[in-house]
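A.B. asks: Take these sequences, add in the hints, and give me the full structure.
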Amino acid sequence: MNSLGITLTTDFGDCSPYVAAMKGVILSIHPAVRLFDLSHAIPPQDIRHAAHFLAAAIPYFPPGLIHVVVVDPGVGSDRALLYVEVAGHRLLVPDNGCWTRIPSGDQPPLVRRLTERRFWRPTVSATFHGRDILAPVAAHLSLGIDPALLGPVVDEWVRLPSPPLRQEPDRMVGEVAFIDHFGNLITNIPGEALPIGPLRISVAGRQLTGMVRTYADAPAGTLVALVSSQGTLEIAVVQGNAARTLGVRVGEMVEVSASSD
Amino acid sequence: MNSLGITLTTDFGDCSPYVAAMKGVILSIHPAVRLFDLSHAIPPQDIRHAAHFLAAAIPYFPPGLIHVVVVDPGVGSDRALLYVEVAGHRLLVPDNGCWTRIPSGDQPPLVRRLTERRFWRPTVSATFHGRDILAPVAAHLSLGIDPALLGPVVDEWVRLPSPPLRQEPDRMVGEVAFIDHFGNLITNIPGEALPIGPLRISVAGRQLTGMVRTYADAPAGTLVALVSSQGTLEIAVVQGNAARTLGVRVGEMVEVSASSD
Amino acid sequence: MNSLGITLTTDFGDCSPYVAAMKGVILSIHPAVRLFDLSHAIPPQDIRHAAHFLAAAIPYFPPGLIHVVVVDPGVGSDRALLYVEVAGHRLLVPDNGCWTRIPSGDQPPLVRRLTERRFWRPTVSATFHGRDILAPVAAHLSLGIDPALLGPVVDEWVRLPSPPLRQEPDRMVGEVAFIDHFGNLITNIPGEALPIGPLRISVAGRQLTGMVRTYADAPAGTLVALVSSQGTLEIAVVQGNAARTLGVRVGEMVEVSASSD
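Chains as they are written, first to last, in the working numbering: chain X, -5 to 255; chain P, -5 to 255; chain W, -5 to 255.
These aren't lab readings, by the way, just hints derived from the structure by calculation. Here the structure is a predicted model, which is why all the values come from computation and not from measurement. A couple of the hints might just be wrong.
Some, not all, of what chain P presents toward chain X, calculated at C-beta under 10 Å [as the list claims (entries may be wrong)]: (1) CYS9; (2) MET16; (3) PHE122.
The C-beta atom is built at its ideal place from N, Cα and C for all residues, glycine as well.
C.D. replies: Listed below in structure tokens is the structure:
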């Protein structure tokens, strides 16, 4: 399988030399490979943030890329490192569940534990497996090696539970699953499952009545509810920051009910 | 026209999955295309910032790239999306004036409204036209399709007025047009139009007398005026942050007069 | 010598148009070149930060890339701009010592002063030599020109002194040499030089006894000492931010002694 290149998603930030070191290791093994930065601003050690990020981004990529993810609070412990094939996408990840919200389609994921040290850097540090294991393995994969050489198939891995969602006939209770750069609150309540007719939406002690189609449907500063670009209920302040305005964090409860008005 | 690749300029920030989703969409249509990040740190919905950014950056590129800009407070409304050719550069932008400060040279811009849905993603969300329209159109353009297929030529578009500039024989009044990452104040007062001889410069209640050639011409911490790398009057604190020191924002008045000393 | 591409390391931040302008200049001269962002978040004018960054990143790259570094408080003054070959790596840098902590191996560095204006932009501003000199020179180098054409070999350049390190039989005194994005304190005390047996480590009035192998060896919130991925003593708060917790900056003294326990 030919490789289109390698993507990088980390919590390393831009001021540290860690992303650069990974790029150097990759280019040392496969000098012609293409590299794509997805994000280096995953909040430190925030596996839930990474999980939402990957679920919202990876499905848009064609097969044939190798997605390296380094959000790894367990680095150096006995947590495994994994090669994953899910819905045609190939990832290299720590076994902490960060990839498990990517929709898997009709085929179950294929998961291998990385055990074959010949594809790693000769010396492996205790605190930077991104540079010492994932980067060189990604480079070798991009050169076309058979993933079966990386290590054995496993059928146990860490799964990140989905945020809780309760559906009753006229009422849904979910939560804020992600807060984006604009401060928009992306919930886990599916847009197509919303009750038909007038709605009442509650979050952080505030009530909204009804939905808009897009931000521009209400004046700047208005608190609105809409269906997000990911297909779920979103709460936003038009040209403002809903997370800051409402003082809300990921995990905040959101309730939707049919309005009696 | 062969394509050198696609550049991306957005206000999406680095922690959100939106830039990654756009890269995935582009690579799905044109797997071999080259991608260049220009910035994902345009302040949210700040069209003026984007306009200055593009005017200061795009002229340095060769023709043959496609520049995608997503700073789009009007997403999902009836604002148009545009294909623009200006001074040999090709852009895909929301019709909010963000591109209209790029110097157009002797040829008027050629502008098309994007109407041909066959180059879009099959489902278009109401809040993410960057992913659903601009990214796929950019990918198709980079594959060499004729821009005429994208939609009709239009001769009306939003123009962002230039910041006001008043020139009198011995006096110019302009404003801070941009504040860069260092806190340097980039004004709209052209360097070549400055009165000859000793100058007095006023900003935010502070007076400067005379200009320096570069930052290193004065000790750290000094408030200085100089000609910016963009050719306009700039006010800086040597190895410091003028915006923070003076408490100044974009739009602050700046006055230059011939000094009577 | 064929080029694998050009890397960019700057203190320009992501909201300013300066990185984009440099990419445009490079692509105008060498449209097919590959560009790699290493960092644009070096703290403004922080040469020490850049020096640590480069020392921790550049050695991982293969030869054949051109590394452009723009952290340049002396821009426009009579400080030189340099072409450097060190340990097989090629850099273009301001002469401020930022590259001088890259291990040079057994060969002394080869250093040229950039003097040949035919490889520069026709007009050189006083405040943006990254765009006007380093970017075009990098592009020409990536096209294969002989570095000898750039300017004469020099044998004097600014050296950044290493942070002080005092070794006594049972005691080492060094300092915090770098603080990474996680707030981990990377010291200049070599891991292999640590006294054998139980250790006592002091920093900012806090005492640590003993080392861990990796972050996951202690509960979240614990202050720990370990050997960093760069091989030196590191002080970290597990899943926390040691710099913030201890209120420590680069240059803070760190002392290690054999524990009498």
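A.B. asks: Are the hints correct? Go through all of them and say.
C.D. replies: Consistency of the hints with the structure:
1. CYS9: holds, 4 Å
2. MET16: With a minimum Cβ separation of about 8 Å from chain X (threshold 10 Å), the hint on MET16 (chain P) holds.
3. PHE122: Holds - the Cβ of PHE122 (chain P) comes within 10 Å of chain X, reaching about 3 Å at its closest.
This entry satisfies every hint, going by the numbered hints stated previously.
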